[in-house]
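Trainee: Generate the whole structure from the sequences, applying the supplied hints.
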Amino acid sequence: MRDFRLFKNAVYFPKSGICTISDLHIGLEDKLNKQGISFPFEERKSLVNNLKKVKEKFEPNKFVFNGDTLHTFGEIPDKVPEKLDEIISICNEECLFIKGSHDSMLPYLLEERDLEIKESYEYSGLKFIHGDKDLTELDDELIVIGHEHPSVEIHGDKIDCCLYEKGKSCIFSIIVLPSFSKLTKGVVINDMKLRDFMSPVLRNCNTFADFRLKIELNGEELEFPSLKKFKDKL
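Going by my numbering, 1004 is the number at position 87 of the sequence shown; the sequence numbering is gapless.
Heads up, some of the hints might be wrong.
In silico PhoX-like cross-links for lysine-lysine, where the CA-CA straight-line distance does not exceed 25 Å [stated by the list, open to error]:
1. K951 x K974
2. K1131 x K1145
3. K1044 x K932
4. K1131 x K1085
5. K979 x K1085
6. K1050 x K1083
7. K970 x K1083
8. K932 x K1131
9. K962 x K925
10. K1099 x K962
11. K970 x K1102
12. K1110 x K974
13. K970 x K925
14. K1050 x K970
15. K1083 x K1110
16. K970 x K1000
17. K1000 x K932
18. K969 x K1145
19. K996 x K948
20. K1075 x K979
21. K1110 x K996
22. K1075 x K962
23. K970 x K1110
24. K962 x K1000
25. K996 x K1044
26. K969 x K1102
27. K1075 x K1044
28. K979 x K962
Please keep in mind that the hints were generated in silico from the structure rather than gathered at the bench.
Here the structure is a predicted model, which means the values were calculated and not measured.
Mentor: Here it is in structure tokens:
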């Protein structure tokens, strides 16, 4: 399985120069405010600052936004286009968007900005899909998905994590990205089984026990063995 780095919930592949980010859910703050929840979530500040730090650290050739860039269905809140423009400008327009389950309005915004949106993207043995739909072909590429918002509970602390599996329980290697948005609720994977996941891609695997996870803690990447070896110690 090829090397990858994790920082601020973004994953970078040094060999290909691609940085991928999933589940920004731009507009979630607007929806919460509309529901009368007026706590200052600072969605824009969090997304923009973290993306700038990711770009500075990795200096990628391309950003792949791997689905659920937007949050709301059927409408575009007033502040969303401005937030999207700022994110695109950070990437110097070297970016590609994968359509996620929340992105029904994203094609209209991207068309105005002359940017691509795809159902999937393949490059140098990497295959990016959001994960909400089944794969039409299962192959030996490295599949990169979002959609699940994985997190792990370690001694009572909930931490976003990146899941990965090297082709032992699946016929393909897979990486499951954490959510880039700090407003989404991470799904704790400690006691989950494959049938508990939303993604049909994950449900095509045989067991969850062989999955490993990587977290970032205070700027340091920490890798864990397979879940079957350490889950009882959490």
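Trainee: Are the hints correct? Go through all of them and say.
Mentor: Status of the hints after comparison with the structure:
1. K951 x K974: 36 Å, violated
2. K1131 x K1145: This hinted pair holds, its Cα atoms lying about 15 Å apart.
3. K1044 x K932: It holds: about 14 Å lies between the C-alpha atoms, which stays within 25 Å.
4. K1131 x K1085: Given that 25 Å is the threshold and the Cα spacing comes to 17 Å, the pair holds.
5. K979 x K1085: With a Cα-Cα distance of about 30 Å, the restraint between K979 and K1085 is violated, given a limit of 25 Å.
6. K1050 x K1083: 21 Å, holds
7. K970 x K1083: Status violated; Cα separation ~29 Å.
8. K932 x K1131: 19 Å, holds
9. K962 x K925: 14 Å, holds
10. K1099 x K962: 11 Å, holds
11. K970 x K1102: With a Cα-Cα distance of about 22 Å, the restraint between K970 and K1102 holds, given a limit of 25 Å.
12. K1110 x K974: Distance ~34 Å between K1110 and K974 Cα, so the pair is violated.
13. K970 x K925: Roughly 8 Å between the alpha carbons, so the hint for K970 and K925 holds.
14. K1050 x K970: 31 Å, violated
15. K1083 x K1110: Roughly 18 Å separates the two Cα atoms, so the pair holds.
16. K970 x K1000: OK: K970 and K1000 at ~17 Å, within 25 Å.
17. K1000 x K932: 30 Å, violated
18. K969 x K1145: Judged against 25 Å, a Cα distance of about 36 Å means the pair is violated.
19. K996 x K948: 11 Å, holds
20. K1075 x K979: 30 Å, violated
21. K1110 x K996: 38 Å, violated
22. K1075 x K962: 22 Å, holds
23. K970 x K1110: The given pair, whose Cα atoms are some 34 Å apart, is violated under the 25 Å limit.
24. K962 x K1000: 9 Å, holds
25. K996 x K1044: 32 Å, violated
26. K969 x K1102: It holds: about 23 Å lies between the C-alpha atoms, which stays within 25 Å.
27. K1075 x K1044: 29 Å, violated
28. K979 x K962: OK: K979 and K962 at ~22 Å, within 25 Å.
Taken one by one, the earlier hints fail for this structure at numbers 1, 5, 7, 12, 14, 17, 18, 20, 21, 23, 25 and 27, listed in ascending order.
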